[in-house]
Amino acid sequence: MSRRYRIGVKYCGGCSPRYGRVQAVAYLREELRDSVEFVSYEASDIEGVLVVTGCPTACVDLTPFKDRPVWVVTSRKDAEGFVETINIMEKRNGLEGNI
Amino acid sequence: MPLMNAKEYEASLRELKLNVWMFGKKVENVVDNPIIRPSMNAVAATYEFAHYPEYEDLLTATSHITGKKINRFTHIHQSTEDLVKKTKMGRLMGSLTGCCFQRCVGMDAMNALSMTTYDIDRKYGTEYNKRFLKFLEYVQEKDLVCDGAMTDPKGDRSKAPHQQDDPDMFMHVVEERKDGIVVRGAKCHQTGAVNSHEIIVMPTISMREEDKDYAVSFAVPSDTEGITYILGRQSCDTRKLESGTMDRGNQIYGGHEALVVFDNVFVPWERVFMYKEWDFAGQLVEQFASYHRQSYACKAGVGDVLIGATQCIAEYNGAQKASHVKDKIIEMNHLNETLFCGSVACAAEGHREPSGTYYVNTLLANVCKQNVTRFPYEIARLAQDIAGGLMVTLPSEEDFRSPDVGKWVEKYYRANTAVSTEDRMRMLRLIENITLGTAAVGYLTESMHGAGSPQAQRIMISRQTNMEEKKKVAKKLSGIKEE
Numbered sequence: 001m002s003r004r005y006r007i008g009v010k011y012c013g014g015c016s017p018r019y020g021r022v023q024a025v026a027y028l029r030e031e032l033r034d035s036v037e038f039v040s041y042e043a044s045d046i047e048g049v050l051v052v053t054g055c056p057t058a059c060v061d062l063t064p065f066k067d068r069p070v071w072v073v074t075s076r077k078d079a080e081g082f083v084e085t086i087n088i089m090e091k092r093n094g095l096e097g098n099i
Numbered sequence: 001m002p003l004m005n006a007k008e009y010e011a012s013l014r015e016l017k018l019n020v021w022m023f024g025k026k027v028e029n030v031v032d033n034p035i036i037r038p039s040m041n042a043v044a045a046t047y048e049f050a051h052y053p054e055y056e057d058l059l060t061a062t063s064h065i066t067g068k069k070i071n072r073f074t075h076i077h078q079s080t081e082d083l084v085k086k087t088k089m090g091r092l093m094g095s096l097t098g099c100c101f102q103r104c105v106g107m108d109a110m111n112a113l114s115m116t117t118y119d120i121d122r123k124y125g126t127e128y129n130k131r132f133l134k135f136l137e138y139v140q141e142k143d144l145v146c147d148g149a150m151t152d153p154k155g156d157r158s159k160a161p162h163q164q165d166d167p168d169m170f171m172h173v174v175e176e177r178k179d180g181i182v183v184r185g186a187k188c189h190q191t192g193a194v195n196s197h198e199i200i201v202m203p204t205i206s207m208r209e210e211d212k213d214y215a216v217s218f219a220v221p222s223d224t225e226g227i228t229y230i231l232g233r234q235s236c237d238t239r240k241l242e243s244g245t246m247d248r249g250n251q252i253y254g255g256h257e258a259l260v261v262f263d264n265v266f267v268p269w270e271r272v273f274m275y276k277e278w279d280f281a282g283q284l285v286e287q288f289a290s291y292h293r294q295s296y297a298c299k300a301g302v303g304d305v306l307i308g309a310t311q312c313i314a315e316y317n318g319a320q321k322a323s324h325v326k327d328k329i330i331e332m333n334h335l336n337e338t339l340f341c342g343s344v345a346c347a348a349e350g351h352r353e354p355s356g357t358y359y360v361n362t363l364l365a366n367v368c369k370q371n372v373t374r375f376p377y378e379i380a381r382l383a384q385d386i387a388g389g390l391m392v393t394l395p396s397e398e399d400f401r402s403p404d405v406g407k408w409v410e411k412y413y414r415a416n417t418a419v420s421t422e423d424r425m426r427m428l429r430l431i432e433n434i435t436l437g438t439a440a441v442g443y444l445t446e447s448m449h450g451a452g453s454p455q456a457q458r459i460m461i462s463r464q465t466n467m468e469e470k471k472k473v474a475k476k477l478s479g480i481k482e483e
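The listed protein sequences correspond, in order, to chains H and Y.
For what it's worth, my numbering labels the leading residue of the first sequence as 1, then goes sequentially.
For what it's worth, my numbering labels the leading residue of the second sequence as 1, then goes sequentially.
The reader is advised that the hints may include incorrect statements.
Here's a subset of chain H near chain Y, in silico, CB distances under 10 angstroms, partners left out [claimed, not checked]:
1) 9
2) 14
3) 17
4) 21
5) 25
6) 40
7) 41
8) 52
9) 60
10) 61
The hints are simulated quantities; they were obtained by calculation from the structure and are not laboratory data.
Ideal Cβ positions, reconstructed from N, Cα and C, are used throughout, including at glycine.
Work out the full structure: start from the sequences and follow the hints.
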């Protein structure tokens, strides 16, 4: 791998989350430490946005991110699926085409 | 960016020169007073968590005036999504603090005034809405806490404001000057009053023309000359003065209420939002009350804490596998989520008013609050059922720490051997705190009477139910022919 992807993290507000959202992102940071740099969704030069919501309602407004790849994680299982997605994308060499 | 953090908020409070009284003495240092301090911590949490990435989506919003990112507690709802996020913010903050965090009342007052001032202007050609929006922008830019002050002492309940033997039983205008007005009266049960930068005063009931001197709404800085705060007592409040902290239950947060006296307080015209427009007093009361009845989603958040504490104590007692314990905790969750349902529903069914502000569905807001007058009591009863009698017979922390008798407390109050006696005691104290200690003020009696007592909601439910339509369908389906 030549470089790490720079992905912004956007959480829902967490009114009644059904799993640990922050812990799920900590898990992703660890699992993807060699391939992804997770930063704030407001950071510059991000290549995509990971939206982490506490339940499938996923009430986050996605319109500010319409020009970028967006992944939505609504459960711990989704977080595990995101690891697989990134690994597959790495083999394909890029985020584009995976929106 | 107009977003203070907790430290900046605390520093801003230290600049206020409030006239606060408690236990017959003037409180010289309000912020550091051990009885008041936990309530300051709870309001400070509304500032601090707004900076946390995992909470900011609920705790911040975009100002419709400036386009800047602001604390949602200073926001005017611009959509039903905003209303739903307000509900969710209330639950979130309740679940993080386990108590009343005091900041919703000002938000509800501002949203109600954004509509009522607009409607008064349309009828009378006044400029209240312009004044209000200027005040709102100031509140948003400075990220201030506003106390929404509605409840007057009311005196003899059988008499209208102008009929009272003592005219001060309702806040009223005593003098009109070129540069403003002078008001006198008091507001009772003022949640978070001494943690507030501004006080927004509203009338407390619908009024007739004879009561026009009492139809007044305005905002003043909380340390304006002539304002006195007298703190309300809470059950177990002086435990906060003891050397240990375990018996407090909640180690960090709390709430407070105060009687706020206005003794000839001057209000400049630019801060007056209603002046003798008696025919709009009822509207302002109803709009504020409806928003505030929605706000009781916070009790679902406090319920989250109580349910968590109850599950813990069941495990600490070694009773968590008993089928009746499991079933009671399911019931607690069922009741708690039903509370949340009502608040979400009245928000999702909200609508746009002529001012542009989004307003809750008032029937559902009243149904929401009616449930809140009941369910926390049942949730608290179940928590006490599972906790056991030890919750109210437990010796003090000082006995637990005593070199003489501490060993007996340690020995005889250990249950599940995997859990320390101290942890068991701490969890019991938290349940005690929420169900009959200082936090029960917010979780129980405030649930009963805050935003209007139960009968007030029943009147509103009755008014808004389309009974004729229900009767019509019943008659049709039963074969009764309408004449």
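Do the hints match the structure? See the list:
Here the hint on residue 9 of chain H is kept, as its CB sits about 7 angstroms from the closest CB of chain Y, short of 10 angstroms. Residue-level restraint check for residue 14 of chain H holds (minimum Cβ-Cβ distance to chain Y is 5 angstroms; threshold 10 angstroms). Annotation: residue 17 of chain H was flagged as interfacial toward chain Y, and the flag holds, the nearest CB pair being 9 angstroms apart, inside 10 angstroms. Taking 10 angstroms as the C-beta contact cut-off toward chain Y, the hint placing residue 21 of chain H at the interface holds, the least distance being around 6 angstroms.
The beta carbon of residue 25 of chain H comes within 8 angstroms of a beta carbon in chain Y, closer than 10 angstroms, and the hint placing it at the interface holds. The interface hint given for residue 40 of chain H holds, since its Cβ lies 7 angstroms from the closest Cβ of chain Y, which is under the 10 angstroms cut-off. This hint holds: residue 41 of chain H has a C-beta 8 angstroms from the nearest C-beta of chain Y, less than the 10 angstroms allowed. Interface restraint check: residue 52 of chain H against chain Y, minimum CB-CB distance 8 angstroms, threshold 10 angstroms, status holds.
At about 6 angstroms, the closest approach between the beta carbon of residue 60 of chain H and any beta carbon in chain Y falls short of 10 angstroms, and the interface hint on this residue holds. Interface restraint check for residue 61 of chain H: the shortest CB-CB distance to chain Y comes to about 7 angstroms, inside 10 angstroms, so the restraint holds.
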